[in-house]
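J.: Based on the provided sequences and hints, a complete structural model is requested.
Now for the letters of each chain:
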Amino acid sequence: MERQIRVFDPTITPKEQALRYAPRPTSLRGKKVGLVENTKYNSDKLLLKIGKILQDEYGVQGMLLRRKRSSGVPAHEEIIRDILAECDVVIAGVGD
Amino acid sequence: MSSANLHSQAYEVSDTAEAIEFYYEKGWTDGLPVIPPTEASIRAMLDASGLEPGREIAFIENRQVSVTAEKVAINAVMAGCKPEYMPVVVAAVEAIGDPLYGYHGPAASTGGSAVLMLVNGPLARELEINCGDNLFGPGWRANATIGRAVRLIMRNAIGTLPGKLDRSTLGHPGKYTYCIAENEAESPWPPVHVERGFRPEQNAVTVFAALAPHQIGNQLSNTAAGVLTTMADSMRISGSVTGQPQYAVVIAGEHMRVIGDDGWSKADIKGFLFEHTYNSIAHLKRTNRMPGTVLLEDETTMRPLVQTPEDIIVIAAGSKAGVFSAFIPGWGGKNASQSVTKEIRRP
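As you go down the protein sequences, you meet chains S and V in turn. Per our numbering, the first sequence starts with residue 3, numbered consecutively. Per our numbering, the second sequence starts with residue 55, numbered consecutively.
Quick caveat, the hints were computed from the structure, so don't treat them as lab data. Be careful, since some hints might not be right.
As the list claims (entries may be wrong) - Pulled a few chain V residues facing chain S out of the computed Cβ check, cut under 8 Å:
#, residue
1, D69
2, T92
3, Q118
4, L206
5, A211
6, S334
7, L338
8, D352
9, T355
10, M356
11, G387
12, A390
13, S391
14, Q392
These numbers come from a predicted model, not from an experiment. The C-beta atom is built at its ideal place from N, Cα and C for all residues, glycine as well.
T.: As structure tokens, then:
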């Protein structure tokens with residue numbers, strides 16, 4: 003049958019990006035952990051509990067808790083600046 | 055008129071009916087049939103906006119997607135837009151790409167919002183964007199297709215697919231289309247775009263990550279304070295309550311006249327609603343909207359519904375008849391998403 007109509011693709015295929023993870027320390031002993039809290043209820047409690055386990059069982063030396071402006075946005079510049087300046091590792095995540 | 059090549063992949067089909075089914079099979083529709091986009095119809099859209107196909111309209115950071123004029127045009131054709139609607143669609147896409155709107159949150163959230171589009175300026179009347187009867191309902195091509203085009207762009211170009219990157223628990227019907235104009239001809243107040251720094255003769259679109267409209271009725275009052283007391287009482291516990299999003303308040307004909315005749319400005323309306331929508335911490339705790347046990351001081355500690363009176367967007371629109379108005383809670387909180395107004399530019 004003769005083809006009669008040419009129609010066009012409405013989609014965009016996102017460019018593939020290579021994700022690069024920060025280098026992992028071989029040990030947490032003596033390290034300071036940044037905790038990025040996402041503002042949801044109890045997220046601070048959960049992160050502090052994780053931080054305490056890291057202190058008690060893995061020798062972490064200190065914690066820095068920072069709160070995002072909202073769960074729906076990335077961590078803002080001050081958080082990233084403080085953590086870069088003070089911390090060796092960081093725990094972040096979104097959860098309810 | 056642009057002669058630049060289109061970059062999108064083309065497919066050949068035998069007729070319109072086959073094309074419609076093809077777009078369904080590809081997962082490129084919102085559930086309704088689409089208009090098959092041909093080169094001529096796509097070029098008509100581009101020409102109406104004076105844009106080259108490769109021009110970037112928005113860059114969506116979290117998806118690393120550059121939304122080009124060509125993709126906006128293709129989806130606008132599919133939605134059923136006339137070419138003269140294209141500049142409105144383009145401005146709305148620019149607006150949802152603005153960092154203040156914060157695309158990712160309202161698009162992906164389980165809290166499920168739609169993009170409310172408010173069109174201001176003489177173009178709204180020229181394009182016959184409805185600002186009157188059945189404001190949020192069907193019956194007007196411009197309202198139906200401009201909002202639909204933006205949703206199709208979100209779906210097809212940005213990948214905001216229900217159940218995948220759109221995780222709305224409930225969603226709402228505004229996700230098919232959610233586009234209105236302000237009744238500037240009869241409003242006693244300056245239109246929203248003028249409040250935001252544009253001249254009355256400029257055209258602008260405001261996007262707002264919005265939940266569904268909530269209708270309120272008041273047929274007893276003939277005073278501004280009376281009507282708005284009902285509005286405030288209905289608004290007080292609505293939306294995310296504690297998230298402090300922005301709100302839109304749509305004041306329709308009879309209420310518009312009552313409030314306007316009392317000499318109240320938009321600032322008066324916003325101030326009154328702000329002052330009358332506080333909740334006590336005690337109430338928020340008792341109703342499980344805030345954690346913790348109720349303390350004595352919680353009974354007298356009050357929390358505003360929105361951060362400032364300016365976070366209430368007052369829109370004059372809706373039918374002349376009837377004693378109904380509406381409020382529309384925004385998605386989440388203002389810290390994550392704000393309404394954004396962009397100029398609509400025509401060549």
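J.: Next, verify each hint and record whether it holds.
T.: Hints, verified against the model:
1. D69: Holds, about 6 Å.
2. T92: Result: holds, 6 Å to nearest chain S Cβ.
3. Q118: holds, 6 Å
4. L206: Since the shortest Cβ distance to chain S is 7 Å, the answer is holds.
5. A211: At about 5 Å, which falls below the 8 Å cut-off, the nearest Cβ of chain S leaves the hint on V:A211 intact, so it holds.
6. S334: Cβ of V:S334 sits 19 Å from chain S, so the hint is violated.
7. L338: With a closest approach of 12 Å, the V:L338 hint is violated.
8. D352: violated, 17 Å
9. T355: violated, 18 Å
10. M356: violated, 21 Å
11. G387: Interface hint status for V:G387: holds (6 Å vs cutoff 8 Å).
12. A390: holds, 4 Å
13. S391: OK, holds: V:S391 within 8 Å of chain S, min 7 Å.
14. Q392: violated, 11 Å
Consistency note: the structure conflicts with the earlier hints numbered 6, 7, 8, 9, 10, 14.
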